[in-house]
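Colleague: In case you want the letters, here they are:
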Amino acid sequence: MYRYDQYDQAIVDARVEEFRDQVARRIAGEMTDDQFKPLRLKNGLYLQLHAYMLRVAIPYGTVNSRQLRVLAHIARTYDRGYGHFTTRQNIQFNWIKLEDTPDILAELAKVEMHAIQTSGESIRNISADQFAGAAADEVCDPRPWAELIRQFTTFHPEFSYLPRKFKIGLTASDNDRAAIKLHDVGLQVLRGSDGEFGFRVYVGGGMGRTPFVAHLIRDYLPAASICSYLEAILRVWNRNGRRDNIHKQRIKILVHDLGAEEFTRQVEEEFAAIQPLGDDIPLAEYERIAAYFVPPPFEQDLSDALDLSDPRFAAWVERNVHAHKQPGYAITTISLKPIGGIPGDVSADQIDLLADLAEQYSFDELRPTHAQNVVLPHVRKADLYAIWQQLEAAGLATANLDLISEMIVCPGLDYCSLANARSIPVAQKIAERFADPARQLDVGELKLKISGCINACGHHHVGHIGILGVDRKGTENFQLLLGGSGAEDATLAKIVGPGFTEDGVVDAVERAVEKYREIRQPGERFLDTYRRVGVEPFKEAIYV
Amino acid sequence: MKLLTGNNLTEGYVIWWTGDGWSRHVEEAIDVDDKAEQLAQTEAAACRVNNPYVVEAEPGPNGPVPLHIKERIRATGPTVRPDLLLQPADKSAGSYVI
Numbered sequence: 001m002y003r004y005d006q007y008d009q010a011i012v013d014a015r016v017e018e019f020r021d022q023v024a025r026r027i028a029g030e031m032t033d034d035q036f037k038p039l040r041l042k043n044g045l046y047l048q049l050h051a052y053m054l055r056v057a058i059p060y061g062t063v064n065s066r067q068l069r070v071l072a073h074i075a076r077t078y079d080r081g082y083g084h085f086t087t088r089q090n091i092q093f094n095w096i097k098l099e100d101t102p103d104i105l106a107e108l109a110k111v112e113m114h115a116i117q118t119s120g121e122s123i124r125n126i127s128a129d130q131f132a133g134a135a136a137d138e139v140c141d142p143r144p145w146a147e148l149i150r151q152f153t154t155f156h157p158e159f160s161y162l163p164r165k166f167k168i169g170l171t172a173s174d175n176d177r178a179a180i181k182l183h184d185v186g187l188q189v190l191r192g193s194d195g196e197f198g199f200r201v202y203v204g205g206g207m208g209r210t211p212f213v214a215h216l217i218r219d220y221l222p223a224a225s226i227c228s229y230l231e232a233i234l235r236v237w238n239r240n241g242r243r244d245n246i247h248k249q250r251i252k253i254l255v256h257d258l259g260a261e262e263f264t265r266q267v268e269e270e271f272a273a274i275q276p277l278g279d280d281i282p283l284a285e286y287e288r289i290a291a292y293f294v295p296p297p298f299e300q301d302l303s304d305a306l307d308l309s310d311p312r313f314a315a316w317v318e319r320n321v322h323a324h325k326q327p328g329y330a331i332t333t334i335s336l337k338p339i340g341g342i343p344g345d346v347s348a349d350q351i352d353l354l355a356d357l358a359e360q361y362s363f364d365e366l367r368p369t370h371a372q373n374v375v376l377p378h379v380r381k382a383d384l385y386a387i388w389q390q391l392e393a394a395g396l397a398t399a400n401l402d403l404i405s406e407m408i409v410c411p412g413l414d415y416c417s418l419a420n421a422r423s424i425p426v427a428q429k430i431a432e433r434f435a436d437p438a439r440q441l442d443v444g445e446l447k448l449k450i451s452g453c454i455n456a457c458g459h460h461h462v463g464h465i466g467i468l469g470v471d472r473k474g475t476e477n478f479q480l481l482l483g484g485s486g487a488e489d490a491t492l493a494k495i496v497g498p499g500f501t502e503d504g505v506v507d508a509v510e511r512a513v514e515k516y517r518e519i520r521q522p523g524e525r526f527l528d529t530y531r532r533v534g535v536e537p538f539k540e541a542i543y544v
Numbered sequence: 001m002k003l004l005t006g007n008n009l010t011e012g013y014v015i016w017w018t019g020d021g022w023s024r025h026v027e028e029a030i031d032v033d034d035k036a037e038q039l040a041q042t043e044a045a046a047c048r049v050n051n052p053y054v055v056e057a058e059p060g061p062n063g064p065v066p067l068h069i070k071e072r073i074r075a076t077g078p079t080v081r082p083d084l085l086l087q088p089a090d091k092s093a094g095s096y097v098i
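Here the protein sequences line up with chains A and B, keeping their order. 315 is the number that my numbering gives to position 315 of the first sequence; each next residue is one higher, with no gaps. 25 is the number that my numbering gives to position 25 of the second sequence; each next residue is one higher, with no gaps.
Derived from the structure by calculation, the hints contain no laboratory data. Since this is a predicted model, take the numbers as computed values, not measurements. Worth double-checking, as some hints may not be accurate.
Simulated pairs of lysine-lysine, BS3-like, Cα-Cα distance not exceeding 25 Å [claimed, not checked]:
#1 A:K539 - A:K429
#2 A:K165 - A:K37
#3 B:K2 - B:K35
#4 A:K473 - B:K2
#5 B:K91 - A:K429
#6 A:K248 - A:K494
Please take these sequences and the hints and turn them into a complete structure.
Modeller: The following block contains the structure:
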């Protein structure tokens, strides 16, 4: 994985000391909350419902054991013994004291981590396919490009003081595991007809209160021009994007207002002006970065055989283990969605275990996913049983990947100052309702996503089943949506009808699932059946 | 009745105006009535509170109870972590919030 050079380290160290001074001035009463807020947000420090929350960046979702052990230490020493993996592959701590923040950031800097650009109107953590470098279906490891873009955009004037936050997602596979079409910019690395790498560029996707699937604006962009092309996109946004209404300032609104064709025309015009200036990062720099992402020294000629005589291990392998491009190896997804647990939460001890497993079994890499799970990307199949046993002992061996109990869920009103309703209790009740493994397996792939407000951090717009919590005269109410997808066939879910109470929405989900089981055809997932028959049969079942 | 609330400066904990200072316990809050705006300005300017604002409440057996669920959760802690409630493992927290 990428290692800081002296410039990266100097930037991060300087930022820590700058923030230490700002915190001291705030505590001394020399700055008001209004003056301090934009400064703390530039360092990932939010003020949430019960306390300050610190969100730590995990660039393109790649972290090593040394870093994980520092995260566990932070959870144990400065927080209340746990952290929470987010839908941008970051981790956040919910109970941070203001005065401790500079020391925490200093400890992070020692292991090449920071909290820059995890909040505020900035280029947020660039997310990437969690199977990068391991999946058989990718054309290359997309992470060197993510790192190159991260370096180019960080503190670049065109990418600072933006109208709103800006999210970039990256994949190098036709199978979109990074939800790139739900990003401000989605990039797919391709190999062109000349054999060189390039990008397919999508712009204007996003969720929130006004969801859009991104528009394709370039089918093939030579990879060497990616930075100037991104600069052209940002120029068009900075020039035309609204700054008068926070709900209208994301680039998706501009793309919608201008129309994709006109937006594309303006980007291409800017690109034609910028690209000849030679601002693009030289290929040699890409190659310097790519050298950090060379494949690990895989053992050759390993057997693919697995002893599946333990049925619980077999069930876990069936759900949570994916094919690796290297024979004898596997990709292992560790579900952070135990039945009745809090999706994405991990204790300090569990983080330490993840560090041990990554170090011992996966070439020292762990990958948080946008679905709030973590991945051991390079595991020898021969080690799977030993890994599973350790996960099982730590409560991390839930075999439910892509099943109904494996939900994306925002923190909701239990933690978030923006939320209108609690999402976690709904998730827990649904997981408990479908806790029987046989029942979940019979239902099959069903991606359920829950948000506690219209900001959609729980991705409800792209759930096969989505749940949106709203405030109805001071009480929680839950709307049900059906038919969304965040994958390569990205689709926005539609609201079915009137909302429900907390228990009511759990019943409604169950009725929708039972209707699916009744009318599905062989091989159909829930989403396939919904697409075939439309909403009406489900609506009739839900509103009996 | 109206309560003045915010988050404290150093930990961000939820606090309530008691008449002569701030408390983490909503039961100790007083009705700020028409003095809220001036109090909020004074306390924020003195950097003793983050983002002060007024919430509606009603009298309860043990003191004021905020009308909105969000404020009741602020007053108690995350409902999904009984161990992290302001009063850990408080068995009455569930009925208080809902």
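Colleague: For each hint, tell me whether it holds in the structure or not.
Modeller: Taking the hints in turn, this is what the structure says about them:
{"no.": "1", "hint": "A:K539 - A:K429", "result": "holds (21 Å)"}
{"no.": "2", "hint": "A:K165 - A:K37", "result": "holds (16 Å)"}
{"no.": "3", "hint": "B:K2 - B:K35", "result": "holds (10 Å)"}
{"no.": "4", "hint": "A:K473 - B:K2", "result": "holds (18 Å)"}
{"no.": "5", "hint": "B:K91 - A:K429", "result": "holds (19 Å)"}
{"no.": "6", "hint": "A:K248 - A:K494", "result": "holds (21 Å)"}
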